[in-house]
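Colleague: Make a model of the complete structure from these sequences and hints.
Protein sequences appear in the order of chains A and B. The opening position of the first sequence corresponds to residue 120 in our numbering, with each subsequent residue numbered one higher. The opening position of the second sequence corresponds to residue 120 in our numbering, with each subsequent residue numbered one higher.
Nothing false has been slipped in among the hints.
Pairs involving identical chains hold if they fit within one copy or between any two copies, as the list cannot separate such chains.
No farther apart than 30 Å at their CA atoms in a straight line, the calculated lysine-lysine pairs in the DSS-like style are these:
{"id": "1", "residue 1": "K558", "residue 2": "K162"}
{"id": "2", "residue 1": "K558", "residue 2": "K176"}
{"id": "3", "residue 1": "K192", "residue 2": "K176"}
{"id": "4", "residue 1": "K527", "residue 2": "K176"}
{"id": "5", "residue 1": "K558", "residue 2": "K156"}
In case anyone wonders, no lab produced these hints; they're calculated from the structure. This structure is a prediction, so every number in the text was calculated from the model and none was measured.
2 protein chains.
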Amino acid sequence: MELIVELLNITTGGNRIAVLSEQAANLLGVHSSDRIKITYGNKESIAIANIAENFPKNRIGLFEETESALGVKDDEIVQVQLASLPESLFNIRAKLHGERLREKDIVAIVKDVVERHLSTVEIAAFLTALSIHGLSTGETEALSRAMVATGKTLNFGEGPILDKHSVGGIPGDKTSMLVVPIVAAAGFAIPKTSSRAITSPAGTADRVETLCPVNLSIKEIENVVAKTNGCLVWGGSLELAPADDLFIQVEYPLGIDPMLLPSILSKKKAIGATHVVIDIPTGMGAKIKTRTEAYTLASDFVDLGKRLGLNIQCALTFGDQPLGCSIGPALEAREALTTLMGGGPPDLHEKAVSLAGMLFDMVGVENPRGMAEEMIDSGKAEKKLREIIAAQGGNPEVKPETIDVGPKSAVVRSERTGKVLWLSTDDIVRIAREAGAPKEKGAGVVLHAKLGENVRKDGVLFEIYAQRSSKLSSALELASQLSPIVLSRKPEEKMILDTIPEKGMHEKTFMLDR
Amino acid sequence: MELIVELLNITTGGNRIAVLSEQAANLLGVHSSDRIKITYGNKESIAIANIAENFPKNRIGLFEETESALGVKDDEIVQVQLASLPESLFNIRAKLHGERLREKDIVAIVKDVVERHLSTVEIAAFLTALSIHGLSTGETEALSRAMVATGKTLNFGEGPILDKHSVGGIPGDKTSMLVVPIVAAAGFAIPKTSSRAITSPAGTADRVETLCPVNLSIKEIENVVAKTNGCLVWGGSLELAPADDLFIQVEYPLGIDPMLLPSILSKKKAIGATHVVIDIPTGMGAKIKTRTEAYTLASDFVDLGKRLGLNIQCALTFGDQPLGCSIGPALEAREALTTLMGGGPPDLHEKAVSLAGMLFDMVGVENPRGMAEEMIDSGKAEKKLREIIAAQGGNPEVKPETIDVGPKSAVVRSERTGKVLWLSTDDIVRIAREAGAPKEKGAGVVLHAKLGENVRKDGVLFEIYAQRSSKLSSALELASQLSPIVLSRKPEEKMILDTIPEKGMHEKTFMLDR
Numbered sequence: 120m121e122l123i124v125e126l127l128n129i130t131t132g133g134n135r136i137a138v139l140s141e142q143a144a145n146l147l148g149v150h151s152s153d154r155i156k157i158t159y160g161n162k163e164s165i166a167i168a169n170i171a172e173n174f175p176k177n178r179i180g181l182f183e184e185t186e187s188a189l190g191v192k193d194d195e196i197v198q199v200q201l202a203s204l205p206e207s208l209f210n211i212r213a214k215l216h217g218e219r220l221r222e223k224d225i226v227a228i229v230k231d232v233v234e235r236h237l238s239t240v241e242i243a244a245f246l247t248a249l250s251i252h253g254l255s256t257g258e259t260e261a262l263s264r265a266m267v268a269t270g271k272t273l274n275f276g277e278g279p280i281l282d283k284h285s286v287g288g289i290p291g292d293k294t295s296m297l298v299v300p301i302v303a304a305a306g307f308a309i310p311k312t313s314s315r316a317i318t319s320p321a322g323t324a325d326r327v328e329t330l331c332p333v334n335l336s337i338k339e340i341e342n343v344v345a346k347t348n349g350c351l352v353w354g355g356s357l358e359l360a361p362a363d364d365l366f367i368q369v370e371y372p373l374g375i376d377p378m379l380l381p382s383i384l385s386k387k388k389a390i391g392a393t394h395v396v397i398d399i400p401t402g403m404g405a406k407i408k409t410r411t412e413a414y415t416l417a418s419d420f421v422d423l424g425k426r427l428g429l430n431i432q433c434a435l436t437f438g439d440q441p442l443g444c445s446i447g448p449a450l451e452a453r454e455a456l457t458t459l460m461g462g463g464p465p466d467l468h469e470k471a472v473s474l475a476g477m478l479f480d481m482v483g484v485e486n487p488r489g490m491a492e493e494m495i496d497s498g499k500a501e502k503k504l505r506e507i508i509a510a511q512g513g514n515p516e517v518k519p520e521t522i523d524v525g526p527k528s529a530v531v532r533s534e535r536t537g538k539v540l541w542l543s544t545d546d547i548v549r550i551a552r553e554a555g556a557p558k559e560k561g562a563g564v565v566l567h568a569k570l571g572e573n574v575r576k577d578g579v580l581f582e583i584y585a586q587r588s589s590k591l592s593s594a595l596e597l598a599s600q601l602s603p604i605v606l607s608r609k610p611e612e613k614m615i616l617d618t619i620p621e622k623g624m625h626e627k628t629f630m631l632d633r
Numbered sequence: 120m121e122l123i124v125e126l127l128n129i130t131t132g133g134n135r136i137a138v139l140s141e142q143a144a145n146l147l148g149v150h151s152s153d154r155i156k157i158t159y160g161n162k163e164s165i166a167i168a169n170i171a172e173n174f175p176k177n178r179i180g181l182f183e184e185t186e187s188a189l190g191v192k193d194d195e196i197v198q199v200q201l202a203s204l205p206e207s208l209f210n211i212r213a214k215l216h217g218e219r220l221r222e223k224d225i226v227a228i229v230k231d232v233v234e235r236h237l238s239t240v241e242i243a244a245f246l247t248a249l250s251i252h253g254l255s256t257g258e259t260e261a262l263s264r265a266m267v268a269t270g271k272t273l274n275f276g277e278g279p280i281l282d283k284h285s286v287g288g289i290p291g292d293k294t295s296m297l298v299v300p301i302v303a304a305a306g307f308a309i310p311k312t313s314s315r316a317i318t319s320p321a322g323t324a325d326r327v328e329t330l331c332p333v334n335l336s337i338k339e340i341e342n343v344v345a346k347t348n349g350c351l352v353w354g355g356s357l358e359l360a361p362a363d364d365l366f367i368q369v370e371y372p373l374g375i376d377p378m379l380l381p382s383i384l385s386k387k388k389a390i391g392a393t394h395v396v397i398d399i400p401t402g403m404g405a406k407i408k409t410r411t412e413a414y415t416l417a418s419d420f421v422d423l424g425k426r427l428g429l430n431i432q433c434a435l436t437f438g439d440q441p442l443g444c445s446i447g448p449a450l451e452a453r454e455a456l457t458t459l460m461g462g463g464p465p466d467l468h469e470k471a472v473s474l475a476g477m478l479f480d481m482v483g484v485e486n487p488r489g490m491a492e493e494m495i496d497s498g499k500a501e502k503k504l505r506e507i508i509a510a511q512g513g514n515p516e517v518k519p520e521t522i523d524v525g526p527k528s529a530v531v532r533s534e535r536t537g538k539v540l541w542l543s544t545d546d547i548v549r550i551a552r553e554a555g556a557p558k559e560k561g562a563g564v565v566l567h568a569k570l571g572e573n574v575r576k577d578g579v580l581f582e583i584y585a586q587r588s589s590k591l592s593s594a595l596e597l598a599s600q601l602s603p604i605v606l607s608r609k610p611e612e613k614m615i616l617d618t619i620p621e622k623g624m625h626e627k628t629f630m631l632d633r
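Modeller: What follows is the structure, encoded as structure tokens:
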């Protein structure tokens, strides 16, 4: 039937949706969430019908996504008919019933996700079914390949392309800001794309953004890497695996992450990486809590890497507490720079050198760890970071002390003398976010006591930084409620970690920063 | 922060959604699909944030649902802040991980579904998880009770309130149109609410609507039942279990039906039923394919009924072919009326008398089946149907031959002589729908040959009725492609039912008419 276009002039941000009156929907035999085919001249678009009670019966309301797909204007006439269900929906239904999907089934799903032929309801059902039933190795490979095939790719020419990725999970993990310049300084290409924080106080893109722009185009990235061997950019707008960007939008409210492997490795494949170290922080403060889980995940990464033609090594890293002392974008950038300049906390130095050493070992460097140490000791890595900062459009002369943090800050002191027995990373994350991180880049937490360290009564446990007094006070209030650092002289002095239900329900933290 | 309201003047038909610019979302720390709290004067509403690229940064776009919740006008100022996640979302996440939910968890979910605090993505994940993990008896009970508690209820006073419900699945099943007048004619209350077709060629509400209005208010229904003991109305707009109406919207595209039991029994409970017969058509042509499945479902119904204080008996009925001969709203109404008048197909008569007899038996009638027969033979049931038609606003003098069917029709003839060995109800459904049913009420199929019957070469297999010639020809074309009725002299003559892949993928039919 013919309907008159009414442009709604807003995006839906996801589904292609068209609004129909109940009368028009009845005439078309369309139920809510059925698909309709809209034809305008020689263009056509599939949209999901949204049936609205008081909508004019001779009109169809189009959101911007469909408007631009059709190139149609207000008051023009389009042909509308009921569309058949996409083939991929039957594949999703099969997965709901526990069937294993074939490669072509998965290709159909990913293609229809990217072309917006599947609704968020259908994507949610698919991801839930994957999360419950799990994925076979074949399914994981097919998903990874399909996500690369439907996205853009980068090309840095011949030769090994190195990369490093963390599955995420411990706050303060600014290792990439050290590994990239160390590797690039040694003459290897390492085009690092990273994410912004979703649930954490800072993603690598947030940290680097306090030093230089990170929102570069593919062309600009290729230039930066040609000039410096490395980059530290935000991957979110590059459309390397656009299906994954849509999956993440649905996974986030559900707190599930069934696509962890294909999500990470499809993006590595899209940037042309050949040798990748995957960091799996393991411990109470991390996404992966136990060694068993970590080993399983690691072997899945290695297997999937082989199938995709990627050389992968995994590192299980200590994940019981934050890395380094600083948490929050600017505070962490400052700590990363200090560490590259030869100072900084020893755990950060050690982790960066170890991971860079693994990469050097994979490409056949003799004395690989020594090479990594040498890049820091000689100042070459620091120099390289400054080159990258300059190439991305920042100030290469930046000094740790000129990176803006705070300006409001306060210390939290210990009420007793003792040794740090336990430290809740979840609580530290909540305090840093309450202070304003990652949105307010100068906000965050600096730890003055870590596991096993001695603290005296009235000694400083941690410092909170904020950009506004109001945020500082609410973070301080939260800190006093949570007591994230637990002291005792000996472990047996403090065996009870928490009491239930006095402190209320313990919300499981869900991390989706990758 | 303060934002200026922009009314979008359309409904979303589901979620409460508000549109924010990227800038406003960034300032609020809101990600797509996060919840925001909108405050206007002393009213507040939770909405799900939809982040739009080109939306004015000082404005918030409100769909009609949120506009009416707040009572706000264009260009007025509202307060907007990031809202915390609803408690029920953590219950849904727990179900995703296979945990069993407690009654209060389920109450929270159902309440938040009805109040639109959960997005369709979250509801989809919940239903998918239920579909995969299954529900415990306790969960089923809690869901049923919560759905009743959040909806409207009907009250027909003291005394047994009888009801009959089919779990759905065979086309042509117009039994309710006979059982209701039989039971009401015997002096028992039977306030029957039914559904419209979603995936079938006719629901009971569609059939009855060819005789009288079915979209009655609760007050009107109470009047009709006070006057006649029975009614045959559409339950869809009564909000008896509004959560279920929202669940169905999500289940429909996914082809899952995990809420079958609570969905049906919550509505029986809401109308105050005390004695209910559940019809479970079982066979190749039905939703329930095997006896094992049917017995399990039946015992679940009886158990759940006990927990809810409902007296339930189930009938496993023959489901290998359509019931009676007519399929399509008006054709079925005609057949139902003819059968009440003493004619009609024997299987329909038999089923109606049996189910009504079961109800009579449950309330202690002596010779219950004889009572049901007597209501038809004496003409009392026919008279009662005419009373109900009149009370609902239709013409009580209606005759079978004056019910409008067609007017275009054509017969499909047999190419050989033989006995009906196999009859595909799925294919009959597709042909009836292609002819225009249920939208075009006079459209449908009339079978002239059913299982085991002899057909001569050129004898009529079935007739197709349509309201338009174009629909008639496309239904005829589909019929010649599908050959839904298979003949042979002896079973062993025709052992191959189908060949793969010649006839292409067999789509599993999904039925969600309840």
